[in-house]
Amino acid sequence: MTLLLGALTIGLILSLLAMGVLVSFRIFSIPDITTDGSITFGAAIAATMLVNGVNPVLATLAGAAGGALAGALTGIIHTKFNINSLLAGILVMTALYSVNLHVMGRSNVPLMQAETFSTYSESIGHTIFAGPEINVLGWPVNSADAAMLLLALAGAVVGGILLFAFFRTNIGTAMRATGDNPQMIRALGANVEGYIILGLALSNGLVALSGALLAQYQGFADAQMGIGMIVWGLASVIIGEALTGTRSLGLTIVGAIMGSVLFRLLVAIALRWGLNPNDLKLITALFVFAALVLPGFIAKLKRRKPAAA
Amino acid sequence: MLEISGIRKTFNPGTVNEVRALQGVDINIDDGSFVIVLGMNGSGKSTLLNAVAGSFFVDEGRISIAGHNVTRWPEHKRASLIGRVFQNPFSGTAPNMSIAENFALAARRGQPRGFGWALSPHLMGPLRERIASLKMGLEDRLDNAIGSLSGGQRQALTLLMATWLKPKLLLLDEHTAALDPKSADQVITLSDEVVRRDRLTTLMVTHSMQQAVSLGDRIIMMHRGRVLHDIRGAEKKRLRPEDLLDRFDEIRRREQLDDSAATMLRELYV
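Keeping their order, the protein sequence lines are chains W and Z. 299 is the number that our numbering gives to position 299 of the first sequence; each next residue is one higher, with no gaps. 134 is the number that our numbering gives to position 134 of the second sequence; each next residue is one higher, with no gaps.
Do not rely on the hints blindly, as some may be mistaken.
Covered by chain Z, per the in silico footprint, the following chain W stretches (three or more residues, Cβ under 8 Å) [stated by the list, open to error]:
(1) 171 to 179
(2) 207 to 220
Here are a few chain W residues that sit away from chain Z, every Cβ distance over 12 Å (derived from the structure) [stated by the list, open to error]:
(3) I90
(4) R106
(5) N108
(6) E133
(7) I161
(8) A165
(9) F166
(10) P182
(11) M184
(12) I185
(13) T284
(14) I298
(15) K302
Since the hints were made in silico from the structure, they are not lab data. None of the values given here were measured: they were computed from a predicted structure. Glycine included, C-beta positions come from ideal geometry on N, C-alpha and C.
Here chain W stands alone, though its shape is the one from the complex (with noise of 0.2 Å):
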């Protein structure tokens, strides 16, 4: 039971990565590797800060705020130097990698003594389940868990329908159409590479937050944690694409918060079934693959098999 909570409230937690991606792969077409900087550094800034006494909601903020500092900064390395989008990526990941080291000052920062949302979780779970237990289906379920996975919840949630309402503000539908047409909303007076700036600089926020409250779940920021995370990410948004379908922008967003989930369980099931933890980037990535090559691949053998009737 213990172990579902917590791949229920990791995957609530890796769900505004999620969203993140889902605004750099499918609006824009941008593999943005930045993530795997920005959700570290949104993690060292916010346990850095939680550190020093910084109350827990401002720290997550300043957290998030950061990763779009290096989202926009990637935006303009590939907009206004006309780098390769990839590229750009690769060089704000890789400096991102030392900006970590320095504002944790060292390559781990536990959080232990700090009050932080885990903490918040504990007096909360208290006050609402009465008691430091509860009772799930016949399972005791730790109240302090309990309460952390409906502030999870909570924040996917409120997460989901901000995006989806700020797609659906003016800026928000340019911000599409800069993905759809490029050409079309120029020529609607919209300045291309102010919209993309703009945008990889939301999808790092949103994934810097998600860095920021992983660090306080997990108690403890990494350097070596965002290793691989865009992955993850991009496995997310295909599963949840495979779940909701692309047609509608509110489906697609609920489709990422269930991918995030949905594989967070799988790969809790897996790990209980004896994988081995080493294989667990390998067969994420081997996953991502099969998710992009199977559905083309599907549809040619569709298209072989009439022919040969």
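With chain W's structure known, arrange chain Z on it following the hints.
Only chain Z this time, still in chain W's reference frame:
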């Protein structure tokens, strides 16, 4: 309204692919005038339109629209003055967004886009009405992705989008060339209606002699990056397609003469 003076543009200067697309073009267009731009392939007519729209900066010369010197304005800034329909029906609309969303984008052409809802009620009312007036049955499909429509439908919608906010200048770049004849007729009729109703200053590039004769009040014929003929007023009204063909033949003869003269000279002196 539109003042073009002495503009020149050379692509890939100093290389084997050097193209002198515009070699000193001067055009003044009055407010409310509907100008047809004609010319053979490579005459510079589309380049002229792109220069006005700001797809690139000209090497020399000056362009001003409605009193603004826009020579150094980037494309997206000029969009506040210009409505535009492209040759490719896929260029003017965002395929994965709905009809309504595409119009919401057009309804803020050249204006700041804030955090207001894109699909506001005061857009949807007039939008439904205007699209119903096309009689294409699209008014009930406003939530459908625009990419699901035919080229003719998309081009008609692009035209409505470009003129949703009355532009100071409307640029039509062979906007019916990629359509089947029936859709092309529909879009041309619609263009004429919209331009007349709003008295839009319009610059339209076309290949069709028929369109050139039946539409507009002035014809500019381009050749080798220059204005060769400028036909307007009573002369434009009298013009028949044959007259235009004669002028094209004249150009062709002159070209041949140039070539044969060059060959002769080469034989004699080289």
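Checked hints:
no. : hint       : in the structure
1   : 171 to 179 : holds (count 6)
2   : 207 to 220 : violated (count 0)
3   : I90        : holds (28 Å)
4   : R106       : holds (41 Å)
5   : N108       : holds (40 Å)
6   : E133       : holds (45 Å)
7   : I161       : holds (14 Å)
8   : A165       : violated (9 Å)
9   : F166       : violated (8 Å)
10  : P182       : violated (10 Å)
11  : M184       : violated (6 Å)
12  : I185       : violated (7 Å)
13  : T284       : holds (28 Å)
14  : I298       : holds (22 Å)
15  : K302       : holds (21 Å)
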